[in-house]
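Chemist: Knowing the structure of chain A, use the given hints to seat chains B, C and D with the ligands on it.
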Amino acid sequence: MIATLFGNLAIFVLSLLVGVEVIGKIPSTLHTPMMSGANAIHGVVLAGAVITASLANSPLGYALTFVAGALAAANVFGGYVVTDRMLQMFTRRAPAPSAAPTADDQKDPS
Amino acid sequence: MIATLFGNLAIFVLSLLVGVEVIGKIPSTLHTPMMSGANAIHGVVLAGAVITASLANSPLGYALTFVAGALAAANVFGGYVVTDRMLQMFTRRAPAPSAAPTADDQKDPS
Amino acid sequence: MTLFAFVIGVVFLAAATLFVVGLHLMRLPSTARRGNLISAGGMAIAVIATIVFSLVTANGSWIGWLALVLGAAAGAAFGIVRARTVKMTDIPQLVSIFNAVGGGAAAAVAFADFVLHSSGLRLDLTSSIPIVLDVVIGSVTFSGSLIAAGKLQGVISGSPITFPGARIVNVLAIVIALAAGVFAIVVGNNVLLLVVVLLASLLFGVLMVLPIGGADAPVIVSLLNAFTGLAVAMAGFAINNQALIIAGALVGAAGTILTLQMAKAMNRSVLAIVLGGFGTGDSSSSAPDDAQDLSNVRELTADDVAVQLAYAQHVMIVPGYGLAAAQAQHEIAELAKLLLAHGIDVKYAIHPVAGRMPGHMNVLLAEANVPYEQMLQLDEANVAFDNCDVALVVGANDVYNPDARKPGNPVSGMPILDVDHAKSVVILKRSMRPGYAGISNPLFTDPKTGMFFADAKKGIADITAAVKEYVPS
Amino acid sequence: MTLFAFVIGVVFLAAATLFVVGLHLMRLPSTARRGNLISAGGMAIAVIATIVFSLVTANGSWIGWLALVLGAAAGAAFGIVRARTVKMTDIPQLVSIFNAVGGGAAAAVAFADFVLHSSGLRLDLTSSIPIVLDVVIGSVTFSGSLIAAGKLQGVISGSPITFPGARIVNVLAIVIALAAGVFAIVVGNNVLLLVVVLLASLLFGVLMVLPIGGADAPVIVSLLNAFTGLAVAMAGFAINNQALIIAGALVGAAGTILTLQMAKAMNRSVLAIVLGGFGTGDSSSSAPDDAQDLSNVRELTADDVAVQLAYAQHVMIVPGYGLAAAQAQHEIAELAKLLLAHGIDVKYAIHPVAGRMPGHMNVLLAEANVPYEQMLQLDEANVAFDNCDVALVVGANDVYNPDARKPGNPVSGMPILDVDHAKSVVILKRSMRPGYAGISNPLFTDPKTGMFFADAKKGIADITAAVKEYVPS
Ligand SMILES: NC(=O)c1ccc[n+]([C@@H]2O[C@H](COP(=O)([O-])OP(=O)(O)OC[C@H]3O[C@@H](n4cnc5c(N)ncnc54)[C@H](OP(=O)(O)O)[C@@H]3O)[C@@H](O)[C@H]2O)c1
Ligand SMILES: NC(=O)c1ccc[n+]([C@@H]2O[C@H](COP(=O)([O-])OP(=O)(O)OC[C@H]3O[C@@H](n4cnc5c(N)ncnc54)[C@H](OP(=O)(O)O)[C@@H]3O)[C@@H](O)[C@H]2O)c1
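Residue numbers (the numbering used here), protein chains in the order written: chain A, 1 to 110; chain B, 1001 to 1110; chain C, 2001 to 2473; chain D, 3001 to 3473.
Next comes chain A alone, as it looks inside the complex (with noise of 0.2 Å):
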């Protein structure tokens, strides 16, 4: 038991070394989709959830199968998702279909 505890508080704090690293000097622009980007990682709850699923035993229990799966489903889909549709603008190309005369927008790549 104690051993276990341990072991989750080791990875708990080194975890949370890890997590203060890592964060750079982040730019301003990215502030947004990088906020999103750490959302979308707690979605990991999601794991939770199975974990909720596979135990339940009571109608209470279900239905908190039923809320934990939908809620995290919600953050993990959903977090990734939004998180790529932003970033992904941030490396097109003017793709859209606009009918802007390109060749001007390309004469200043710096």
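Honestly, the hints are just simulated from the structure, not real lab data. Don't be surprised by glycine CBs; every beta carbon is placed ideally from N, CA and C. Hints may contain errors.
[Claimed, not checked] Once the Cα atoms are required to be at most 25 Å apart in a straight line, the calculated SDA-like pairs of lysine to any residue come out as:
#1 D:3087 with B:1084
#2 A:25 with C:2373
#3 C:2264 with A:90
#4 A:25 with C:2017
#5 D:3264 with C:2031
#6 B:1025 with D:3027
#7 A:25 with C:2261
#8 B:1025 with D:3272
#9 B:1025 with D:3021
#10 D:3087 with B:1090
#11 A:25 with C:2383
#12 D:3458 with D:3430
#13 B:1025 with D:3260
#14 A:25 with D:3031
#15 A:25 with C:2414
[What the hints assert, rightly or not] Pair by pair, the computed Cβ-Cβ distance ranges are:
#16 B:1002 with C:2034: 30 to 40 Å
#17 D:3052 with B:1024: 29 to 39 Å
#18 C:2195 with D:3264: 56 to 66 Å
Modeler: Okay, now just chains B, C and D with the ligands, sitting in the frame of chain A:
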């Protein structure tokens, strides 16, 4: 046994991740002291020598304890002292006993 | 621990590594998208490993699995549809909603674990403490994020909402939540106590966010994001799942750092925001249309602006909160394209806190297909203003207020765009009303400035139409 | 796990946090020293916690403790004295020696743990595998680092040492080490097998580093530094001590990243270095004093140089490997001070790989009390050269070779100092011999260049003496 191994493995992997992330883009100015500073940290093997000492029960064990203690202590004490000596040079502001006209040094503090 | 559990644990470590690599890559625009995909890969691995583990080790009933599949399908559908269809101007509130559901899910997982053990012996402290912490944090973040989303959406008033005794109710709610929590831990198997914790925490979340001004909501959303991470980590402790602990702690710490960086870019203190301090009023409501002196102002028509633009060489567009509010990003991009097509050099000067949240203006313009290279950040833009013929400011006020260079006013010390270095300035907004900081901008009455009073969307469309007259294509 | 062990574990986590904070702070010159002290604090905590734990849980004999105290006292005395007295030019080899002893200690700890269990049952795989890995890595890093230190010190020839069949012996050594290691793991309690592992690994370490050129030694030292971290982490697995695992892994990973950054700053590939590839020859030995054409060269005396300096406004000093080799950092600092005292602006242009290892030149000049602000890094320096009257190059060759801008030679593409942008150039070295890259520098024969042939230490002293004539104080 295996729970302990998992805990240790998780600690190992996460510490590797912290190690990778904690090194930002170091200016080459600091490469030498940084290397020396990292060097000092692995002197923590001194704690290993302590364990060795507490368990040793044979002449060979005592000899290894002595060797481990000597080598580890040289690493940890020497490493921190020499790193500090280097870094102190980077921060000090010409406090040396030299007869140099410090007024001229100060005039360009950009 | 079985060998099987060990293997699953190693898979979790692999997933964790992917999360870290993903976050690392998200630091740069060029690698950010790949980073997000790698992070999603880690997520898939973690969830699948947990499913395999649960199928092998627990013999749960099929009803549980059915409930999960139905719930997950519904949630996934909702999430994907909203993510795909959301307007880019509404991103902040959607992120807040996804954050709310994450916190809610974490609370539900912990609650279910508690219920499971409620009939038997009292729970071990190593389970009950994280469960209670998870329910508290998860519930606060659930209700708080929903309120923040409502404020950002405009469903709930953006101005601080307070009522007499609000502070007392607030303190009471958190005290009740904590007291019931301690009891729940001591007793160890009383579900009713946990329900009290849940309700009091939900109430606290609502009361915590209500008094915060709409403009500060982005920082609160980011902070609650970090909280959700911690709630998920607590859920991981409760059910002994390392994937949850690692990912939760990662987001908790990374989110905290991001919140601090964001607050710094906005020149705000996180503590002051949470305590509902200075300047929480939203611009539009706080300064009514009082008798503004228009005598010193040079008013322009769409036609006047079009002439200036058509004969300029270097144009700089300065988008502000008003552009986002009017959702005029497509109109401005079209105007820029028109000018570019006629050989006029057009760039955007983007202040870090222009828009509804930090970095949001870049997302909006990116949506309107503005190439990343045309968006100049503060420092680059300020170099370019010296060489700029016309600066076209749209719905902005504070981010270029020259008074920021003087001490003693609400924007003092805030880095600003040097719009006043441009040869001539056109400011498009609806009135002389001040912006978020509530102070007027001396540039409005500067001789080289012309004011064009209009709604951003309508005004830009008019300018575009007029420009077309001068530069027939 | 007892509650006591749990508490000790938590203390280890605190120590780990201090290590991380320390390393983090070491990224910037202004906070680096504090970072090192914080890291030392973490070290003290980790070691003291381990002592307390051992005293409480293990009833070891007093002989063991005595051996430890004697050993530690001797080691600490050696380390402190060497650290305090080492000349700054000799830092690289001292770091290498401290690295060697760290690796040796890790191997000794693992070895002792193996011996302890040798009389009884065979060791569990979770202990025997890390023990063998530790002995292999620790021994390689021990002998390898000592050889590297010898090369840096000049005790062992800096040029690559090879002999017929060296590669075969090398492969043989590592095969024997690994084979004996696998046997040792399988058998689980045979000390003799571990001795074979130890000896073969020591031999491999020697043979691995011998063929590496002296100039590449810094990268190898950094790489072996990372290896030692891994060896220490393995020792942690063997004796189940989390402080060792965390700190070891931290240094292993951080050291690897640092090695890659260092190699990149030197324009080298780590793999090429380890495999003993191109350009391992040390400058001084590889290019004998062959018939150099001196006809195009304008030779200067100390007096000529002094006149130029005394009547200049902006002087830039470009120190290179030769300055470090001659240990002339104090002389150059004195000359600079003399000039500064007479109102002449003097700066140092420091190339990332000037000196004996990256960043070493900065340490050397810092030792000679040169203020940090006077040391310009590559980019700053290149701006300043445009405005520079006299560039005084001391013992450098490659770091400003204009041929680097052309393709097809060993320095192609290396970023260089734009010494050729200065109004006039003085180069102080002993001869026309090329430097590390083995190619001549066209600037030697440029009309605006004057060569002053002398040993750096002596030559600078002569210049200083001559300058004093012109600017009497
Ligand atoms: N971005 C963030 O993350 C963030 C968060 C919190 C606080 N803030 C603060 O918000 C401010 C942002 O500065 P800013 O210059 O972008 O905005 P601002 O100073 O708040 O000014 C926005 C202006 O837009 C105009 N506007 C509103 N709706 C419009 C419409 N439909 N059409 C045309 N104009 C419209 C308003 O003037 P009219 O009413 O006259 O039209 C208003 O003065 C800063 O003080 C910043 O510190 C930013
Ligand atoms: N710093 C590092 O980490 C590192 C590591 C590996 C390789 N490298 C390589 O080393 C080179 C460094 O460039 P560099 O320009 O600093 O040095 P360099 O090109 O190697 O030239 C050094 C010069 O110093 C002169 N010298 C030697 N001893 C001297 C003394 N006592 N007095 C006066 N002059 C003396 C030598 O010329 P004389 O014999 O004519 O006096 C030699 O040409 C680069 O190619 C770099 O890639 C650097």
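Chemist: None of the hints should be skipped; say for each whether it holds.
Modeler: A quick look at each hint next to the structure:
Our distance criterion of 25 Å between C-alpha atoms is met by residue 3087 (chain D) and residue 1084 (chain B), whose separation comes to about 14 Å. Between residue 25 (chain A) and residue 2373 (chain C), the direct Cα distance comes to roughly 20 Å. Compliance with the 25 Å bound is thereby established for this hinted pair. A hinted pair counts as satisfied when its Cα atoms are at most 25 Å apart, and residue 2264 (chain C) with residue 90 (chain A) qualifies at roughly 23 Å. A hinted pair counts as satisfied when its Cα atoms are at most 25 Å apart, and residue 25 (chain A) with residue 2017 (chain C) qualifies at roughly 21 Å.
Simply put, residue 3264 (chain D) and residue 2031 (chain C) have alpha-carbon atoms about 21 Å apart, close enough for the 25 Å limit, and the pair holds. Proximity of residue 1025 (chain B) to residue 3027 (chain D) is assessed by CA-CA distance (about 8 Å); at most 25 Å being required, the pair is judged to hold. For the hint linking residue 25 (chain A) to residue 2261 (chain C), the alpha-carbon distance of about 8 Å falls within 25 Å, and the restraint holds. The hinted pair formed by residue 1025 (chain B) and residue 3272 (chain D) meets the criterion: a straight-line CA distance of about 23 Å does not exceed 25 Å.
Annotation: proposed proximity of residue 1025 (chain B) to residue 3021 (chain D) holds, straight-line Cα distance about 16 Å (limit 25 Å). Between residue 3087 (chain D) and residue 1090 (chain B), the direct Cα distance comes to roughly 16 Å. Compliance with the 25 Å bound is thereby established for this hinted pair. A threshold of 25 Å between alpha carbons decides the hint, and for residue 25 (chain A) with residue 2383 (chain C) the separation of about 22 Å falls inside it, so the pair holds. The straight-line distance between the Cα atoms of residue 3458 (chain D) and residue 3430 (chain D) is roughly 11 Å, inside the 25 Å bound, and the hint therefore holds.
With a C-alpha separation of about 11 Å, the suggested pair residue 1025 (chain B) and residue 3260 (chain D) falls inside the 25 Å cut-off, and the hint holds. Of the pairs offered as hints, the one joining residue 25 (chain A) and residue 3031 (chain D) holds, with about 17 Å between alpha carbons and a cut-off of 25 Å not exceeded. For the hint linking residue 25 (chain A) to residue 2414 (chain C), the alpha-carbon distance of about 19 Å falls within 25 Å, and the restraint holds. Take residue 1002 (chain B) and residue 2034 (chain C): their Cβ atoms lie about 36 Å apart, and the range 30 to 40 Å holds.
As the Cβ distance of residue 3052 (chain D) to residue 1024 (chain B) is approximately 35 Å, the hint placing it in 29 to 39 Å holds. Hint check: residue 2195 (chain C) to residue 3264 (chain D), Cβ distance near 59 Å, so the stated range 56 to 66 Å holds.
Taken one by one, the earlier hints all hold for this structure without exception.
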